[in-house]
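Protein sequence lines correspond, in order, to chains A and B. Residue numbering for the first sequence follows our numbering, beginning at 1 and increasing consecutively. Residue numbering for the second sequence follows our numbering, beginning at 137 and increasing consecutively.
Simulated from the structure, these hints should not be mistaken for lab results. Note that this is a predicted model, so its numbers are computed, not measured. Some hints here could point you the wrong way.
These stretches of chain B come out as covered by chain A in the derived footprint (C-beta under 8 Å, 3 or more residues) [to be verified]: (1) 166-180; (2) 198-207; (3) 235-242; (4) 245-252.
Some chain A residues close to chain B (C-beta under 10 Å, calculated; not the full set) [to be verified]: (5) V37; (6) D85; (7) G98.
No more than 30 Å apart at the CA atoms, straight line, and that leaves these computed lysine-lysine pairs for DSSO-like [to be verified]: (8) K3(A) x K210(B); (9) K191(B) x K3(A); (10) K3(A) x K49(A); (11) K210(B) x K238(B); (12) K238(B) x K3(A); (13) K49(A) x K238(B).
Every residue, glycine too, gets a C-beta built ideally from N, C-alpha and C.
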Amino acid sequence: MVKGILADANIVGHVQRLVTLLQGEPWREFWEHLNLVCTTFVEVGLDRKTSDAVIWQFCQEHDLVLITSNRNKTKPDSLEATIRDRNTSQSLPVLTLGDADRVLQSRDYADRVVEGLLDILFRIDSLRGTGRLYLP
Amino acid sequence: MSTTSLLAFCEGNVVVENQIEIVDRGRGMQLSSCRITVQDVVPYIQMGWSHEQIKEIMPILTDEEIAVIERYVKENREEVMEEDRRIRERTASQRNPLEVEKILREARIERLAWVEARRQQRSGGKNGEGHPR
Chain A
1 MVKGILADAN
11 IVGHVQRLVT
21 LLQGEPWREF
31 WEHLNLVCTT
41 FVEVGLDRKT
51 SDAVIWQFCQ
61 EHDLVLITSN
71 RNKTKPDSLE
81 ATIRDRNTSQ
91 SLPVLTLGDA
101 DRVLQSRDYA
111 DRVVEGLLDI
121 LFRIDSLRGT
131 GRLYLP
Chain B
137 MSTTSLLAFC
147 EGNVVVENQI
157 EIVDRGRGMQ
167 LSSCRITVQD
177 VVPYIQMGWS
187 HEQIKEIMPI
197 LTDEEIAVIE
207 RYVKENREEV
217 MEEDRRIRER
227 TASQRNPLEV
237 EKILREARIE
247 RLAWVEARRQ
257 QRSGGKNGEG
267 HPR
């Protein structure tokens, strides 16, 4: 298992929304069973300018699953390059939230993201080495 | 003026440094002062969100940084919105590999079974108290 999830700087409020849902019904008991922390850059002491490579490495070293949004350049970005260069069969995947603003606007969509997130976290060790996974 | 993030000038004994700019460091156009990109904020500018609302979901941003992004979007609107359209199109087509989806389907079955087992345990416990055999 892992220790928890780290919200990228562009998605803090969105992850907070998801955690709020996880702490309610019908997911509360299972979320508590997973016993994961949810943390942010500020809480773990990462600088606001921290590069993708440093964040990725930090997450690997501290057993945290990074959640980020997907609104970067349409060409392969530095996170993609980092994963390509450093990913091993034991590396934790980066979770990418495809439609971040929709999490805040649609309860139905947020629920689907929560379900997908729980499935991934439940089986996270089977998903090591997959690089990057997409939340609905 | 160079495109680097440092602007220093002296006026009397005052030095002003680190003007916030929009730069491209390989992640798309972003702030020179932090890792937030223009496109991270575009959906909320499109929805007419206030600075306070944007700072609530991206707390590392300052009013000044949001204003720099807003100005950039205004001055480059066509290009920014075209990029937004391409991003949304790309997002809609992204999928996990089939083998991952198989693992996640199995995870969901197992997870829901765990929840149901706990529910039945609780029901069984309550029935046991009130209905001795």
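Status of the hints after comparison with the structure:
1. 166-180: holds (count 10)
2. 198-207: violated (count 0)
3. 235-242: Contact hint for the segment 235-242 of chain B vs chain A: holds, 4 residues under 8 Å.
4. 245-252: Held - the segment 245-252 of chain B has 4 residues with a Cβ nearer than 8 Å to chain A, which meets the minimum of three.
5. V37: 18 Å, violated
6. D85: Given a least distance of 14 Å, the restraint on D85(A) is violated.
7. G98: 4 Å, holds
8. K3(A) x K210(B): 42 Å, violated
9. K191(B) x K3(A): Within the cut-off at roughly 27 Å; holds.
10. K3(A) x K49(A): With a Cα-Cα distance of about 24 Å, the restraint between K3(A) and K49(A) holds, given a limit of 30 Å.
11. K210(B) x K238(B): Between K210(B) and K238(B) the Cα gap is close to 45 Å, so the pair fails against 30 Å, i.e. violated.
12. K238(B) x K3(A): Since the Cα atoms of K238(B) and K3(A) sit roughly 24 Å apart, the hinted pair holds (cutoff 30 Å).
13. K49(A) x K238(B): Given that 30 Å is the threshold and the Cα spacing comes to 37 Å, the pair is violated.
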